[in-house]
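J.: Given chain A, put chain B in place with the hints provided.
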Amino acid sequence: MRIDCKHVWQYISAYIDGEVETELRADIDRHLDTCEICSAVLDSTRNVVVLVADDRVFELPAGFSQRLHERLDRELELAGP
Amino acid sequence: MEELRGHRAEKSTAQGSGPEAEIIRRILAGEPRLFHDLIRPCERSIYLLLFSILKNEAEAEDVAQETAIKAYVNLRNFRGDSQFRTWVLTIARNEGLGRLRKLGSRREDSLDAETDQQTGDYTPAILTSWREVPAEALERQELGAILRRAIEGLPEIYRNVVLLRDIEEMDGRETAAALGISEGAVKVRLHRARALLQRALAPQLGAFAPKRKSWFGGRA
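Chains A and B are the protein sequences, given in the same order.
For what it's worth, the numbering used here labels the leading residue of the first sequence as 1, then goes sequentially.
For what it's worth, the numbering used here labels the leading residue of the second sequence as 82, then goes sequentially.
Any given hint could turn out to be false.
Stated by the list, open to error - Simulated pairs of lysine to aspartate or glutamate, EDC-like, Cα-Cα distance not exceeding 16 Å:
{"hint": "1", "chain 1": "B", "residue 1": "Lys-151", "chain 2": "B", "residue 2": "Glu-124"}
{"hint": "2", "chain 1": "B", "residue 1": "Lys-151", "chain 2": "A", "residue 2": "Asp-73"}
{"hint": "3", "chain 1": "B", "residue 1": "Lys-136", "chain 2": "A", "residue 2": "Glu-59"}
{"hint": "4", "chain 1": "B", "residue 1": "Lys-151", "chain 2": "A", "residue 2": "Glu-75"}
{"hint": "5", "chain 1": "B", "residue 1": "Lys-268", "chain 2": "A", "residue 2": "Glu-21"}
{"hint": "6", "chain 1": "A", "residue 1": "Lys-6", "chain 2": "A", "residue 2": "Asp-27"}
{"hint": "7", "chain 1": "B", "residue 1": "Lys-268", "chain 2": "A", "residue 2": "Glu-59"}
{"hint": "8", "chain 1": "B", "residue 1": "Lys-151", "chain 2": "A", "residue 2": "Glu-19"}
{"hint": "9", "chain 1": "B", "residue 1": "Lys-183", "chain 2": "B", "residue 2": "Asp-143"}
{"hint": "10", "chain 1": "A", "residue 1": "Lys-6", "chain 2": "A", "residue 2": "Asp-29"}
{"hint": "11", "chain 1": "B", "residue 1": "Lys-136", "chain 2": "B", "residue 2": "Glu-237"}
{"hint": "12", "chain 1": "B", "residue 1": "Lys-292", "chain 2": "B", "residue 2": "Glu-217"}
As the list claims (entries may be wrong) - One side only, chain A facing chain B, incomplete, derived with CB under 8 Å:
{"hint": "13", "residue": "Val-20"}
{"hint": "14", "residue": "Leu-24"}
{"hint": "15", "residue": "Phe-58"}
Treat the hints as calculated values from the structure; they're not laboratory data.
Every value quoted in this text rests on a predicted model; they were computed, and no experiment measured them.
Built from N, CA and C at the ideal position, the CB exists for glycine as well.
Same shape as in the complex, but just chain A (with noise of 0.2 Å):
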């Protein structure tokens, strides 16, 4: 089936993840063969996907980790389960 750009677009999330059936995965390759715009959606959108995953986008405050665990301490001595 051919399919048009804006229904590609629909797609293009679930097509990231693997999560698009075959027959329609077959029907966007193909769109994708020959349509540049759509290609560099998809290109930018993984891509965006990859670098917002990096941890060091999102770091935790400095210290965190220590300030949680003492404060869990004083708890662990206040109380059981």
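T.: What follows is chain B alone, placed relative to chain A:
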């Protein structure tokens, strides 16, 4: 893409139920200090979810500590039908929303007002080519700041999903359970969030892609 999925699967099984269940059993049997080991892999997810809800570092840290204590005190109530991280994130979300109410924030109202039925423009940024930005580019603090601003600028219901699915790499089922929504809603929100991020970021990220070599051996 397969690589992406594989990475996610690896992270989510890192806290498998076997060893986790054993640690919980030992804590409840009288080894409370093991709770440190149980909560440690969840710290980052707890903090980031709370920062997403509260948008304030000090409040997020304080509520993260309250969450950990509450999880410890209520550990007997954990039934083991989800990962411990999912359960503790449910506590974090409730504690975070409770803190918002205490702070008298109106943000929760705006959160409730946003539903998946709302219509929005989820058209991506239209490009004719894309040069990949490698992860090494994150050595430049400017790039991290641009990514953080884009994520923090998402509507909260989308930000929470992106945070758990793409940043903390939880699967759809666990994300749905932690946020108290359906798996279908997770997929819809993730799709919209990624489209909004692509639209916000694609025009800016080109500057961080490696330069192409020109025909004359220099840099284009």
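J.: A separate judgement is required for each hint: does it hold in the structure or not?
T.: Here's how the hints hold up against the structure:
Of the pairs offered as hints, the one joining Lys-151(B) and Glu-124(B) holds, with about 14 Å between alpha carbons and a cut-off of 16 Å not exceeded. For the given pair, Lys-151(B) sits about 13 Å from Asp-73(A) by alpha-carbon distance, which is consistent with the 16 Å threshold. For a cut-off of 16 Å, the pair hint linking Lys-136(B) to Glu-59(A) stands: about 14 Å separates their Cα positions. Between Lys-151(B) and Glu-75(A) the alpha-carbon distance is near 10 Å, which keeps this suggested pair within the 16 Å criterion.
For the hint linking Lys-268(B) to Glu-21(A), the alpha-carbon distance of about 15 Å falls within 16 Å, and the restraint holds. Between Lys-6(A) and Asp-27(A) the CA atoms are separated by roughly 13 Å; this keeps the pair inside 16 Å, and the hint holds. With a C-alpha separation of about 26 Å, the suggested pair Lys-268(B) and Glu-59(A) falls outside the 16 Å cut-off, and the hint is violated. Taking the CA atoms of Lys-151(B) and Glu-19(A), the gap is about 36 Å. The hint is violated against a cut of 16 Å.
A threshold of 16 Å between alpha carbons decides the hint, and for Lys-183(B) with Asp-143(B) the separation of about 14 Å falls inside it, so the pair holds. A C-alpha spacing of about 14 Å is found between Lys-6(A) and Asp-29(A), which places the hinted pair at or below 16 Å, so the restraint holds. Our distance criterion of 16 Å between C-alpha atoms is met by Lys-136(B) and Glu-237(B), whose separation comes to about 10 Å. Distance check on the hinted pair: Lys-292(B) and Glu-217(B) sit about 14 Å apart at the alpha-carbon level, within 16 Å; holds.
Interface hint at Val-20(A): violated, since its Cβ lies 11 Å from the closest Cβ of chain B, which is beyond the 8 Å cut-off. The restraint placing Leu-24(A) at the interface with chain B is violated, with a minimum CB-CB distance near 15 Å, outside the 8 Å limit. This hint holds: Phe-58(A) has a C-beta 6 Å from the nearest C-beta of chain B, less than the 8 Å allowed.
Going down the numbered hints, you'll see the structure goes against 7, 8, 13 and 14, while the others check out.
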